[in-house]
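> Sequence:
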Amino acid sequence: MYRIEPYRPADHAAIVDFAAAIQEHERVLVPALRTGEEIKASYTERILARVAERNGLILVARDGDRAVGFACAWVDEDSDPLLRDEARHHAYVSDIYVAPEARRRGVARRLLDAVATEMRRRGCRRIRICSKATNAEALACYDDCGFRAYEVILEKPLG
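To convert, count from 1 in the sequence shown and add 32; that's the numbering used here.
Misleading hints may appear alongside valid ones.
[Unchecked claim] Distance windows between CB atoms, simulated:
no., residue 1, residue 2, range
1, Gly191, Glu85, 33 to 41 angstroms
2, Asp97, Ala181, 34 to 42 angstroms
3, Arg136, Glu70, 27 to 35 angstroms
4, Arg116, Pro63, 23 to 31 angstroms
5, Arg66, Glu109, 25 to 33 angstroms
6, Pro132, Asp112, 19 to 27 angstroms
7, Tyr182, Glu133, 27 to 35 angstroms
8, Asp112, Met33, 19 to 27 angstroms
9, Glu150, Ala81, 15 to 23 angstroms
10, Glu109, Glu187, 21 to 29 angstroms
11, Arg116, Arg35, 18 to 26 angstroms
12, Arg137, Gly178, 14 to 22 angstroms
13, Arg116, Arg137, 34 to 42 angstroms
Treat the hints as calculated values from the structure; they're not laboratory data. All values derive from a computational prediction rather than experimental measurement. The beta carbon of each residue, even a glycine, is placed where N, CA and C say it ideally should be.
Hey, can you work out the whole structure from these sequences and the hints?
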């Protein structure tokens, strides 16, 4: 049975490895991305800093004593000047990862549900998550968890 628990310093190496794995998966979808090896240490430090600065959290999914996934989120403010002030405050899930051997067992849903519960306690009324447009597996998971498209960013190469 998988447990969802708060991040602890002993999880640092696992989070670094998970950050690299996310990046490598997304590099298949977007070849312009840097390698997981290049970004893993600095990116992990960046998310840890954001969590500390923005009333955030990291939750870790465990199978026994082994970390098999994580989710990272923080409180964010939407800068869209067209939104009402009370609609700006939301939770933002920056990252979620589940190791291949633990996928399709409800781990991602449990991580996202736990993040939503905690961020609701912190005063958030909405939660956002982003995905590469071609990451069909992630998009299907997020849809199954109740997320719906809010805004779509389109891109066109210029040369």
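> Next, verify each hint and record whether it holds.
We went through each hint and held it up to the structure:
A hinted range of 33 to 41 angstroms holds for the C-beta pair glycine 191 and glutamate 85, which are about 37 angstroms apart. Checking the proposed 34 to 42 angstroms range against aspartate 97 and alanine 181 shows it holds: the Cβ atoms sit about 38 angstroms from each other. With their beta carbons about 30 angstroms apart, arginine 136 and glutamate 70 fall inside the hinted range of 27 to 35 angstroms. The given range of 23 to 31 angstroms is broken by arginine 116 and proline 63, whose C-beta atoms sit roughly 40 angstroms from each other.
For the pair arginine 66 and glutamate 109, the beta carbons lie near 28 angstroms from each other, so the given range of 25 to 33 angstroms is met. As the Cβ distance of proline 132 to aspartate 112 is approximately 37 angstroms, the hint placing it in 19 to 27 angstroms is violated. The beta-carbon spacing between tyrosine 182 and glutamate 133, approximately 32 angstroms, falls within the hinted interval of 27 to 35 angstroms. Against the hinted window of 19 to 27 angstroms, the Cβ-Cβ separation of aspartate 112 and methionine 33 comes to about 41 angstroms, which falls outside the hint.
Checked against the given bound of 15 to 23 angstroms, the beta carbons of glutamate 150 and alanine 81, roughly 19 angstroms apart, stay inside it. As the Cβ distance of glutamate 109 to glutamate 187 is approximately 25 angstroms, the hint placing it in 21 to 29 angstroms holds. As the Cβ distance of arginine 116 to arginine 35 is approximately 39 angstroms, the hint placing it in 18 to 26 angstroms is violated. Taking 14 to 22 angstroms as the suggested C-beta distance range, the pair arginine 137 and glycine 178 conforms, at roughly 19 angstroms.
The hinted range of 34 to 42 angstroms is satisfied by arginine 116 and arginine 137, whose Cβ atoms lie roughly 39 angstroms apart.
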